[in-house]
Amino acid sequence: MGKQKAPVFPLPVSAAIRTSPPPRIRGIASAWTSVGRVHSNSSTARPISGKTPNSVRRKTVQVSERLESTDRRIYINATTLEEQNLCICVSSMGFRIVGQHFDTVNPELEEKSKIYETPYALFTDISPLYVKSFGEALQKAMETLAEGSA
Numbered sequence: 001m002g003k004q005k006a007p008v009f010p011l012p013v014s015a016a017i018r019t020s021p022p023p024r025i026r027g028i029a030s031a032w033t034s035v036g037r038v039h040s041n042s043s044t045a046r047p048i049s050g051k052t053p054n055s056v057r058r059k060t061v062q063v064s065e066r067l068e069s070t071d072r073r074i075y076i077n078a079t080t081l082e083e084q085n086l087c088i089c090v091s092s093m094g095f096r097i098v099g100q101h102f103d104t105v106n107p108e109l110e111e112k113s114k115i116y117e118t119p120y121a122l123f124t125d126i127s128p129l130y131v132k133s134f135g136e137a138l139q140k141a142m143e144t145l146a147e148g149s150a
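All the letters of the sequence shown, read from the start, carry residue numbers 1 to 150 under full-length UniProt numbering.
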């Protein structure tokens, strides 16, 4: 018998993989939800301002006051332009619809719900009126640019 060949892959080291959660929600999640900014205690939901043109906004977006937000997840109540109420979970994984009503988490829906990288991807997938309003706003912006360069 010959010599045993060396293993192709190195033997695993018994160190456990460890990751630490972010100290707070950052990036697009922070910008879109305005986490870390001062919110008034108004009882009515208002759109959160951002860089998206006013004509493309969802009807309502508000951090849930009933569901507990942590440094790992935030629950947002949103109403689409089609008047569909949703509860959306924002985490380091992305944006996921977790309920068909404000302040509700449906475990079955949460388990099978698609995860979106951005809120814009989520609304593009579920709201035809959002897509239409975005297209109209883009066309208007392009026309304004064309008029300015003429």
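Hints may be right or wrong, so weigh each one.
[Stated by the list, open to error] Straight-line distance between alpha carbons at most 27 Å, and here's what the computed DSSO-like set of lysine-lysine pairs gives:
| hint | residue 1 | residue 2 |
| --- | --- | --- |
| 1 | LYS59 | LYS3 |
| 2 | LYS132 | LYS59 |
| 3 | LYS59 | LYS112 |
| 4 | LYS114 | LYS140 |
| 5 | LYS114 | LYS59 |
These are calculated hints, taken from the structure and not from any lab test.
Against the structure, the hints come out as follows:
A hinted pair counts as satisfied when its Cα atoms are at most 27 Å apart, and LYS59 with LYS3 does not qualify at roughly 71 Å. A C-alpha spacing of about 14 Å is found between LYS132 and LYS59, which places the hinted pair at or below 27 Å, so the restraint holds. Our distance criterion of 27 Å between C-alpha atoms is met by LYS59 and LYS112, whose separation comes to about 25 Å. Only pairs whose Cα atoms come within 27 Å are accepted, and LYS114 paired with LYS140 is rejected, the gap being roughly 31 Å.
Between LYS114 and LYS59 the alpha-carbon distance is near 22 Å, which keeps this suggested pair within the 27 Å criterion.
In summary, the structure is inconsistent with hints 1, 4 from the numbered list given earlier, while agreeing with the others.
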